[in-house]
Every structure is written in C-alpha cells, then in structure tokens.
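S.K.: Here are the chains, one letter per residue:
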Amino acid sequence: MASNQLMYKDLTPAKPLDKKTINHLVWKSTMLQASFNYERMQAAGWLWSILPGLEKIHTNKEDLSASMSHNLEFFNTHTYTVTFVMGIVLSLEQQKAEIGTIRAVRVAAMGPLGGIGDALIWFTLYPIAAGICANMAINGNPFGSLLYFIVVFGAQMALRYWLFNMSYSLGTSAISVLTKRAKEFTHTASMLGVFVVGAITCNYGATALGIMIPNGTTLVDGEEVANYIDVQGLINGILPAMVPLMLTLMCYYLVKKRNWTPTRCIFLLLVLGIVGCAIGIWASSDPYTPLISVPWKPQ
Amino acid sequence: MDFIQIILLAVVTFIFAIDQYSLTEVIYRPIIACPIVGLILGNPTVGLVVGGTYELMMVGSMPVGGAQPPNSVIGGVVAMIFAIKSDFSVEEALGSSVIFALFGQYAVTLTFSFISILMGKADQYAAKADTKGITRINFISMAFLGTLFALMAILAYVGGVSVSPMLKEFSDTYSWIMAGLGVAGGMMRYVGFAVLLKIMLANDMWGIYFAGFVLAALLGNVPATAGATLLSVALVGVAIAIYDFTVSCKISDMNQGGGMSDGI
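Chains as they are written, first to last, in the working numbering: chain A, 980 to 1278; chain B, 755 to 1018.
Fair warning: there could be bad hints in the mix.
[Claimed, not checked] Listed below are the simulated DSS-like cross-link pairs for lysine-lysine, each with C-alpha atoms no more than 25 Å apart in a straight line:
1) A:Lys1040 <-> B:Lys839
2) A:Lys988 <-> B:Lys882
3) A:Lys999 <-> A:Lys1040
4) B:Lys922 <-> A:Lys1035
5) A:Lys1276 <-> A:Lys1236
[Stated by the list, open to error] A few chain B residues that don't get close to chain A, going by computed Cβ distances all over 12 Å:
6) Val765
7) Leu777
8) Ile838
9) Glu846
10) Thr889
11) Leu905
12) Leu909
13) Gly913
14) Met920
No lab work stands behind these hints, which were simulated from the structure alone. Predicted model only: the values in this text are computed from it and were never measured. Glycine included, each C-beta is placed from N, C-alpha and C at the ideal position.
Assemble the whole structure, with the sequences as input and the hints as a guide.
M.R.: As structure tokens, then:
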C-alpha cells in the first residue's frame, strides 16, 4: 500500500489530457463505488476511475505502480462531486508533483465536497424531482419515471463534467506556485489533510457502546419504570466519538509501530465486532439479540 | 413464461443492485425500477403506483452520514412481485417486503466486508502496475453484489410470501452475527484512517489531528451545523493552512536572504 517512493522517476510533465480522455474520465467517474467496501470505501473504484488518465500520464511502469499504490489509499467523497477531486489530482499527476503533495491534496479535497454533495443532491435535487415526478407516476403516467431519469441523471452528468474541467484547469494554473514552493506546500497540505482525517474520524466514526446497566426502578405515575446506566452516555460526557478515536489510534499503533498489515487489522476488527455483539457490548442500528443473554442488554 | 420472467427479473435486479452504488445511480430508484419490474411481470401500471409511492417514502430516508434505510432495491422488487403475483394492495405489498429489504441490507453488509478482504490483493496489483487486476477487482465486487441480489429476487418470486416467516426466524436467531458484521464493518474504516495517518502524520501534527476531531465533534452535535460539519471544518482548516503556508514561505525566504516574495 504505502509506497516508499516520494517522487516520480520521470519528472517531465506529461502532455495535458485531451478532450477525449477527459470525457472518458467523466463517464468513468460513475464507477467510483463499484468496489465500495468498509476498509477503504471508494479507494479501488477511485483508482479504477482515474486509470485511463494515469495510464496516459505515467508511461513508465515504475511510476505507474507508485501512482496506483498511493491512489489505492482510503478514499471517500460524494459520488457526484468526485470529478472535482479527479481533475485536481490528475492535473498534479500530469505535472509530476511530489507524491506527498498529491496525496495531501486528495485527502484535503475529499471531505468538504462530500458535505456540499449531500446538501445539493440528497436534500435538494432528489426531493424536488421526487415531488414532481412521483405523483405523475402514481397517477399512472410513465412520463413521470422518464422525467425523473432525465432530470436527475442529466443534472449529475452536467455537474460531473463542469467540476472536472474547472478543477483540472485550477490545478494546472496553481502548479507553478506549487512547484516553486513544493516543500512548504506539501507540509501545509499534509496538515490540512491530517485536520480533515481528524474530522472524519469523528464524522464517519459511528461505533458506540450499547451497554445499559440496570439500576433499580422508580415509580412514575404509579408505574414502575426500570432505570439504566447508559455507558455510552457517560462516555459522551467525557468526549463524544471517543470509541472511534480509540479504535483509530489502536489501528494506527498496530500499523505504524507493530507493522501490522491492513488485512490483519481488518480481521481483528471483524472478531471484535462479532464477539462484541455476541455478548451485547456494541450498539447497532439493526436491533439484535446477543448470543448469550447478558444483564446489560435488556430485551 | 415463468422461466423467462425469472431470468429477466434476475437480470434487472442484478443491474439495479450495482446501480445503487455505481453506473447511473438513478435507475435503481423505485420510481424507475418498479415500472421496469412491472413491465417484466406484465403490469407496468402497478409498477408506476408502487414506484411512485415508494419514491415518496424514500425522500424522507436518504443514505446520508452512513445510516442506511432497509434496502430499497430489494424492497421495491419484492413489493412488485407481491403486488402483481399475489394481488396485494400497494400498502400490503410494501409492508410484506420489509423483511426482504432487511436481507438486502445484510447482503450489502456481507459484500462490503468481503470486498474489504480483497483490498490486500488490490495492493499487490497496484505494486505490479497491473491495471487489468484493478479492473478485475471491481468487476468481481459488482458481480458479488449483483448475484446476491438476483438470488433474493428469485427467492421472493419462487417462494412468495411463505418465505417471510423463515426469513424472520433466521434474522431473529442470527441477528447478532449480522449486527456484529455491521458493527465490524463500521470499524474497518479506522484501518483506512490509520494508514493515512501513518503516511501523513508528522510528529508536529498530533495537535492538528485532535483539533480536527474536536471541531467535528462540536459542529456535528449541534443540529444547526451538523449538516455542514465537514465543509465548516474544511474552511477552518484552509484558514490555518493559508497562514501556515504564508509563514513558512516567509521563513524560507528569510533563510535564503531574500524576503521579497509575499507567499501566495
């Protein structure tokens, strides 16, 4: 995964991507989540989407493998706005920027656009389109379905196309500053990246304890109501999302200091998750009954 | 006739399953998927009614922030099968499909866990610059998800409502395994974070990491700002970044005896 290579071997900027390749990349961006998974989320789909560009840029096999390796790290953003990240990353790849710089820009750009994407698409476009078209469909008018497809698909493809071109030229025009100030910029961008990773540790981290310790009963309006000590509530009083933070730091320790492979960490977490649910420690969005009945998991 | 219907149903469900995450990300929506299933089963009008109703139901439950509604692809396909083959009313059909939709979610959990394990293989392909290998990983992933969904559609078609009690019993008995898989799935992203930190985190950046964490915890727990958490965090981050960049440029200019540049 983490390639040790810091710079590309061939530092001659590649030819700018031609129109045809850009169109190909915009269409390919729809495959971002083809291999979505829990560990790296969109990483492999992201790599697959930008491969046509990378193959054009890195004609030398060593550089292509270095580029593919660092583009296979954790990645998650909104699917419709991903082309913004694609454009800027590919413009940096094309100019053969330092790998650390490219990584830092990629990580810093993936977080915030997710938020804009959600607001724009899920909370605006879908409800409006659904409101107009669903009633047509319910009244038996097939044009409702067709209109829905045209509006939603048309809007997202236009957005993808515009964002790609906008950010590709943005990256190209920023490059002269970046190369002159590569060292400073990489430090700054890594800092921004670490800041964003800190934020997504909290924002994407949803692991919580489901332990409810029975604590006697009280009389409310003549009825006995059971009391519980909510352990997660106590933890939230100390630091919300402490469990995700601790687990991230644990993985960091294992990967960095103990040289564990990511796959080994995945298996550890798999065991933690399933054994934890067997004895009713974790909270889950799907209600579940632990394998063995425990006092802290009331029915 | 039935045989052709089963084949077509399996094929479109396979496509819808993939479409809910890639491809168009539109045709899996009930308002489009249900009429298509209706066409296959011989009654597109029912498809429009079920699809329109389901679509309106879904507008309230979007997959935002990681929370997933019971799977709408399986929900829609199975509701259509019940509405047309078992002559259920729209409400009955949607109601009876809920347990299947839960299994749709199980299938998604299973797929996302399975693909996590493939990532080690993907790393090996990347190290060898094997672009075909990366393509293969993506195709295997899509085929895995699509096949699980197609099998469930066939099960609903062949078994009808009578399968429901069996599914219900299974999910009651083994709910802890599926919940455990879901919880473990929710944890696996921490490995992804850890690997990023391993590479990017210089020793002087621990404070920045925790600052980002705390800022997201603050903004994310206030209803008014929760929706814009990451955007707000990024804006604060950019402010710090510009300052850092300007200052470090000035310092390096002074060290070189220059001092003419204004940074950005």
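S.K.: Next, verify each hint and record whether it holds.
M.R.: Now for the hints, and whether the structure bears them out:
At most 25 Å may separate the alpha-carbon atoms for a hinted pair to count; A:Lys1040 and B:Lys839 exceed this at roughly 56 Å. At roughly 16 Å between alpha-carbon atoms, A:Lys988 and B:Lys882 fall within 25 Å of each other, so this suggested pair holds. Taking the CA atoms of A:Lys999 and A:Lys1040, the gap is near 23 Å; set against the 25 Å cutoff, the hint holds. A C-alpha spacing of about 52 Å is found between B:Lys922 and A:Lys1035, which places the hinted pair above 25 Å, so the restraint is violated.
For the proposed pair A:Lys1276 and A:Lys1236, the alpha carbon gap of about 36 Å is over 25 Å, so the pair is violated. Residue placement check: B:Val765 keeps its beta carbon more than 12 Å from all beta carbons of chain A (closest about 18 Å). Against chain A, the non-interface label of B:Leu777 is violated: not every CB pair exceeds 12 Å, the least being about 6 Å. Every C-beta of chain A lies more than 12 Å from that of B:Ile838, the closest at about 15 Å, which supports listing it as non-interface.
With 12 Å as the threshold on Cβ separation, the claim that B:Glu846 sits away from chain A holds: the shortest Cβ distance comes to roughly 17 Å. Consistency note on B:Thr889: stated as away from chain A, yet its beta-carbon is not over 12 Å from all of that chain's, at 6 Å minimum. Consistency note on B:Leu905: stated as away from chain A, and its beta-carbon is indeed over 12 Å from all of that chain's, at 20 Å minimum. Every Cβ of chain A is farther than 12 Å from the Cβ of B:Leu909; the closest lies at roughly 20 Å, confirming the non-interface assignment.
In this structure B:Gly913 is separated from chain A by more than 12 Å, as the shortest Cβ-Cβ distance comes to about 22 Å. The beta carbon of B:Met920 is kept farther than 12 Å from every beta carbon of chain A, the shortest such distance being approximately 18 Å.
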